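Participant: Given next are the chains, with one letter for each unit.
There are 2 protein chains.
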Amino acid sequence: MKTLWEQHYAQRTQRIKSSAIRELLKLAERKDVISFAGGLPAAESFPLKQLEQAMQRVIAQSDGAAFQYSTTEGYLPLRDMIARHTSRYGLNITPDNLLITAGSQQGLDLLGRIFINPGDRILVEAPTYLGALQAWNAYGAEYISVPVDQDGMKMDVLEAMLRTGPKFIYVLPNFQNPSGVTLSAARRLKLVELANHYGVPIIEDDPYGQLRYEGKHIPAVAVLDTKGRDDCDTCYRGNVIYLSTFSKVLAPGLRVAWVVAAPEVIEKLVQAKQGADLQTATFNQMLIYQVAREGFLDHHIKSLRTLYRTRRDAMLNAMQEHFPQAVQWTHPEGGLFLWATLPEGIDSAEVLRAAIQERVAFVPGASFHANGQGANTMRLNFSNATPEQIYEGIARLGQVLETQLDQVIATP
Amino acid sequence: MKTLWEQHYAQRTQRIKSSAIRELLKLAERKDVISFAGGLPAAESFPLKQLEQAMQRVIAQSDGAAFQYSTTEGYLPLRDMIARHTSRYGLNITPDNLLITAGSQQGLDLLGRIFINPGDRILVEAPTYLGALQAWNAYGAEYISVPVDQDGMKMDVLEAMLRTGPKFIYVLPNFQNPSGVTLSAARRLKLVELANHYGVPIIEDDPYGQLRYEGKHIPAVAVLDTKGRDDCDTCYRGNVIYLSTFSKVLAPGLRVAWVVAAPEVIEKLVQAKQGADLQTATFNQMLIYQVAREGFLDHHIKSLRTLYRTRRDAMLNAMQEHFPQAVQWTHPEGGLFLWATLPEGIDSAEVLRAAIQERVAFVPGASFHANGQGANTMRLNFSNATPEQIYEGIARLGQVLETQLDQVIATP
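Which chain is which? The protein sequence lines are A and B, in order.
Numbering follows our numbering, with no gaps: position 192 of the first sequence is 192.
Every number in our numbering is 1000 more than the matching position in the second sequence, counting from 1.
Bound conformation, chain A alone (with noise of 0.2 Å):
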């Protein structure tokens, strides 16, 4: 008798699943597609030579250590040394703070596996990113979406749904993944204040902070949730939980993050790391641990600075060339993405169908919506490309934009 697995599953699983646009970006993956789909760092920016000497290094000197099973905390040198850089950007935090996870998709999956109830709310920027959503519904979590606008999370709407009981704030502030803005320094402390006053922990996920092309540095979330406090050891204990990555900074196919936390929020995340996977893999930590260790990763940065900020300038010149006046898009100070919004009424899904007939690719902008808006936005990654991919791709897609935006004008 065959097993019919449709009626074992949990019904969490339900909630689990692969959307129409991910079997459509499939398509995006052929050669010939000019893809600003994907989230992908330039492959050609991994310091190959760095990282196969590094590996030497690990070999000869870990006597074996290397291959074999560690703590679930993660390696201490390696968070020691992230203590020690974080610290310089001015949050004070010790080995104790800090958790080592498979990329910050894990670090988003143990908060949801230690926080969350089925129904409660959690709330989300509109758009957020599409992986805490994806993280967080096998948990049963509800979103409740505040708008951004050029200067982030907007606080007033904030402030309203935070009397609504939600159980965190998740924000991302630098560039955020889909819609590149940036939230304002003043912003950033109403949010810490106003998190604070309500008793709602925060989580602050920043991927791409080192990864800033223009403007200045504003301190993280974490940082001003320190500034009031009197803590006066160097041990972290406030209301901000913070997630950053070697993802972006240096490979992804390591699979290497962190989460940055009170010591007690890090123990209940080491426990439910331990059953969900038991540690990140060791060798991986002390390859990026060596790597790092004399400060390569600095010089590395700013030669990614370099690579994406000429990147960013193609698409946004490319933009203003090709694309239709009625579209808008976002002015990005660093990270990896463009947000576009079409004229209400155009679907941008429908616009992705005939962008892969001319052979180019986006994210259809209500992906990264919980609230089931956007139907209008997309997402446009300019990381993946080369300047004269950006341009040919752009000009393709301005000229599948043109013909929608035609249509629908026509349309009664």
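The hints are simulated quantities; they were obtained by calculation from the structure and are not laboratory data.
These numbers were taken from a predicted model, which means no experiment stands behind them.
Where is the CB? At the ideal position from N, CA and C, for every residue including glycine.
Treat each hint with caution, since some may be false.
[Said to hold, decoys possible] Within a straight-line C-alpha distance of at most 27 Å, the following computed DSSO-like cross-link-like pairs (lysine-lysine) qualify: (1) Lys1190/B x Lys2/A; (2) Lys2/A x Lys49/A; (3) Lys49/A x Lys1049/B; (4) Lys1302/B x Lys1216/B; (5) Lys1002/B x Lys190/A; (6) Lys1216/B x Lys1154/B; (7) Lys1190/B x Lys1216/B; (8) Lys190/A x Lys302/A; (9) Lys154/A x Lys1002/B; (10) Lys1049/B x Lys1302/B; (11) Lys1154/B x Lys1190/B; (12) Lys1017/B x Lys1002/B; (13) Lys190/A x Lys216/A; (14) Lys26/A x Lys2/A; (15) Lys1154/B x Lys2/A.
[As the list claims (entries may be wrong)] One-sided excerpt, in silico: chain B residues whose CB lies under 8 Å from chain A: (16) Trp1005; (17) Ala1043; (18) Met1055; (19) Arg1057; (20) Gly1064; (21) Ala1065; (22) Gln1068; (23) Ser1070; (24) Ala1102; (25) Lys1216; (26) Ala1272; (27) Gly1275; (28) Leu1278; (29) Thr1282; (30) Asn1284.
[Stated by the list, open to error] Take a look, some chain B residues computed to stay more than 10 Å from chain A by CB distance: (31) Asp1080; (32) Met1081; (33) Asp1149; (34) Asp1156; (35) His1217; (36) Thr1280; (37) Ala1354.
Start from chain A and add chain B according to the hints.
Facilitator: Then chain B, alone, in the frame of chain A:
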């Protein structure tokens, strides 16, 4: 105001706990302690030269792809290789039957995620693998324990319990962690028959199957499950979900394992993994493929068998010499663990306390029981100590046991 984190945790977090035993075992990490507590392969067995050569080849050949994001399902050439290997052992599968996971622990976690509703009862062996309980506790699982004897899970008890509507059966047929016993061929056939009859899926966890030191290979439960089926294609669609790993035959610090299941189950697992950690590290998958593709692992596993058989024999001999007559233990035909049973009324947690004073450690058996039993049992690992350390450690432990047994007998 300080954040009251304790008030924010999800209900399931109360089931995710570090045990007192785990705290005690931290003491076993001291250099002067001979530890039989962990489940670690011998670090001196890791083939560093082959790993280093394979890394160089991966970096030279992959052109950066080894460090880039890749698919959630896993690296196709690796899945292809595992499919061929699995088919060689009698289970015809294709890459569509495979998901690569970050260790088998993640496989267990994802299975819990897609199958377990709070309150669902899982049939487990008594004793069973602690990590499975840790993974599934987070999803609200309850357990029904089926006792194990020298031939593995007892089929008469299993049948009675199958009538109570469990969600699935979890079994480790080869050199089970923790007991070291192997499910006999006759019982495997019975298990397949019963599971099909009652319509209950089987999760077969097989990390040690390749590490057999004596006796004849017994086909996997999944292999036996296909015998009675008339599926004529090469894709497995049966009632068993099979897990295995590179952790015990190559290196656990790379965190690469796999799940075999019907394609529709793999599809659900892939969706769950997207939310959990996006994908297993690209580099680690390519590295293992490169190490294994030309048959190196076959030779390597042969040398592991020799190494571990010597250590198992050392432990068995030392126990014969030094353990009190009232203690019984298993004779595992493979794997990494031995299991000892003390007279009723002796608490192995107390024995551990005394043992650590004598600089020797093991894991008390109660942790491996979902039903609160097993206080008089203990798990001993023999793979991660030299024969000399094993003789010395078992001699110390024998002394501790003599004293403990004398005390209990002396107590009225």
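Participant: Now look at each hint and say whether the structure bears it out.
Facilitator: How the hints compare with the structure:
1. Lys1190/B x Lys2/A: With a Cα-Cα distance of about 18 Å, the restraint between lysine 1190/B and lysine 2/A holds, given a limit of 27 Å.
2. Lys2/A x Lys49/A: Violated. Lysine 2/A to lysine 49/A sits at ~52 Å, over the 27 Å cutoff.
3. Lys49/A x Lys1049/B: 19 Å, holds
4. Lys1302/B x Lys1216/B: Holds. Lysine 1302/B to lysine 1216/B sits at ~15 Å (cutoff 27 Å).
5. Lys1002/B x Lys190/A: 18 Å, holds
6. Lys1216/B x Lys1154/B: 21 Å, holds
7. Lys1190/B x Lys1216/B: The given pair, whose Cα atoms are some 19 Å apart, holds under the 27 Å limit.
8. Lys190/A x Lys302/A: Cα-Cα ~31 Å, so violated.
9. Lys154/A x Lys1002/B: This hinted pair holds, its Cα atoms lying about 25 Å apart.
10. Lys1049/B x Lys1302/B: 17 Å, holds
11. Lys1154/B x Lys1190/B: Roughly 10 Å separates the two Cα atoms, so the pair holds.
12. Lys1017/B x Lys1002/B: Given that 27 Å is the threshold and the Cα spacing comes to 24 Å, the pair holds.
13. Lys190/A x Lys216/A: Distance of about 19 Å is within 27 Å: holds.
14. Lys26/A x Lys2/A: 30 Å, violated
15. Lys1154/B x Lys2/A: 25 Å, holds
16. Trp1005: With a closest approach of 5 Å, the tryptophan 1005/B hint holds.
17. Ala1043: Hint on alanine 1043/B: holds, closest Cβ of chain A at ~4 Å, below 8 Å.
18. Met1055: At 5 Å from the nearest chain A Cβ, methionine 1055/B passes the 8 Å test, so the hint holds.
19. Arg1057: With a closest approach of 11 Å, the arginine 1057/B hint is violated.
20. Gly1064: 4 Å, holds
21. Ala1065: With a minimum Cβ separation of about 6 Å from chain A (threshold 8 Å), the hint on alanine 1065/B holds.
22. Gln1068: Hint holds; glutamine 1068/B Cβ to chain A Cβ min 5 Å, cut 8 Å.
23. Ser1070: At about 7 Å, which falls below the 8 Å cut-off, the nearest Cβ of chain A leaves the hint on serine 1070/B intact, so it holds.
24. Ala1102: 5 Å, holds
25. Lys1216: 29 Å, violated
26. Ala1272: Holds: closest Cβ of chain A sits about 5 Å from alanine 1272/B, inside 8 Å.
27. Gly1275: 4 Å, holds
28. Leu1278: Since the shortest Cβ distance to chain A is 5 Å, the answer is holds.
29. Thr1282: 3 Å, holds
30. Asn1284: This hint holds: asparagine 1284/B lies near chain A, its Cβ roughly 6 Å from the closest one there, short of 8 Å.
31. Asp1080: For aspartate 1080/B, whose nearest Cβ neighbour in chain A is about 19 Å away, the distance exceeds 10 Å, so it holds.
32. Met1081: 19 Å, holds
33. Asp1149: Holds, because the least Cβ-Cβ distance between aspartate 1149/B and chain A comes to about 28 Å, which exceeds 10 Å.
34. Asp1156: 23 Å, holds
35. His1217: Holds, because the least Cβ-Cβ distance between histidine 1217/B and chain A comes to about 26 Å, which exceeds 10 Å.
36. Thr1280: The claim breaks: threonine 1280/B does not keep its Cβ more than 10 Å from every Cβ of chain A (closest is about 7 Å).
37. Ala1354: Holds, since 26 Å exceeds 10 Å.
The earlier numbered hints that this structure contradicts are 2, 8, 14, 19, 25 and 36.
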